[in-house]
Amino acid sequence: MSTASSRSGSTRVPRVGDGVAPLRTFLEAQPRDGAQYSRRRLPHFERPWAIYAVTIGTKKDRCLPPNARSIVLNSSHHFHKQRYELFAACVMPDHVHLLLQPWPKNNDDKKTVVFWPLSELLHSIKSFSAHRINEAEKKTGAV
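Per the numbering used here, the sequence shown runs over residues 5 to 147.
Hints were generated in silico from the structure; no laboratory data involved.
There's no promise every hint is true.
Claimed, not checked - Computed list of lysine-lysine pairs in DSSO-like fashion (alpha-carbon distance at most 27 Å, straight line):
1) K115 - K85
2) K85 - K64
3) K109 - K64
4) K130 - K85
5) K85 - K114
Said to hold, decoys possible - Label pairs and their computed distance ranges (CB to CB):
6) A140 - L103: 32 to 38 Å
7) V117 - E139: 35 to 41 Å
8) A39 - H101: 34 to 40 Å
9) V117 - N78: 15 to 21 Å
10) K115 - K142: 47 to 53 Å
11) K142 - A57: 32 to 38 Å
12) K114 - T144: 41 to 47 Å
13) L77 - K142: 39 to 45 Å
14) G145 - E124: 18 to 24 Å
15) K85 - A140: 22 to 28 Å
16) N71 - Q105: 24 to 30 Å
Beta carbons: idealized from backbone N, C-alpha and C, even for Gly.
Sequences and hints are given; from them, build the entire structure.
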């Protein structure tokens, strides 16, 4: 495979790091500039003042009715300007797209600003939405 195409209008670009194992790269990475690293299905990191594009899916690709989608949208707006800046939210029948920036939560012992973790923000949105949807549909369980 060539590293770049000579045809005009081509979108091919050279690839970098094909021979580097992702796990090795992750383990050797050192947090810089206050970034927080974690590992779940793929390596994740959170950087202060970063803006994140997040996609949340429903359980087993369940399609939500319009009233349930409204609950999810309202839930995503709940902590806007309190815990995060919500730039965009798009609620689809079986998933949600969010573009958000976590806000500072508090200061640690060294007076360093600590931001709301994405995991806490998403848990709040998902948990509140699920409870309200289950309440409206008179059901229990994951949404």
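These are the hints, each one checked on the structure:
A C-alpha spacing of about 22 Å is found between K115 and K85, which places the hinted pair at or below 27 Å, so the restraint holds. Of the supplied pair hints, the one linking K85 and K64 is violated, its CA atoms being roughly 32 Å apart against a limit of 27 Å. Proximity of K109 to K64 is assessed by CA-CA distance (about 33 Å); at most 27 Å being required, the pair is judged violated. The hinted pair formed by K130 and K85 meets the criterion: a straight-line CA distance of about 18 Å does not exceed 27 Å.
Straight-line distance between C-alpha atoms of K85 and K114 comes to about 25 Å, which keeps the hinted pair within the 27 Å bound. A C-beta distance of roughly 26 Å is found between A140 and L103, which places it outside the suggested range of 32 to 38 Å. With their beta carbons about 36 Å apart, V117 and E139 fall inside the hinted range of 35 to 41 Å. The supplied range of 34 to 40 Å is broken by A39 and H101, whose beta-carbon atoms lie about 24 Å from each other.
A hinted range of 15 to 21 Å for the beta carbons of V117 and N78 is inconsistent with their spacing of about 29 Å. For the pair K115 and K142, the beta carbons lie near 49 Å from each other, so the given range of 47 to 53 Å is met. Here the CB-CB span from K142 to A57 is close to 34 Å, well matched to the stated 32 to 38 Å. About 44 Å separates the C-beta atoms of K114 and T144, a value consistent with the hinted range of 41 to 47 Å.
Checking the proposed 39 to 45 Å range against L77 and K142 shows it is violated: the Cβ atoms sit about 21 Å from each other. The beta-carbon spacing between G145 and E124, approximately 22 Å, falls within the hinted interval of 18 to 24 Å. Between K85 and A140 the beta carbon distance is about 26 Å. The supplied range of 22 to 28 Å therefore holds. For N71 and Q105, the hinted distance range of 24 to 30 Å is satisfied, since their beta carbons lie about 29 Å from each other.
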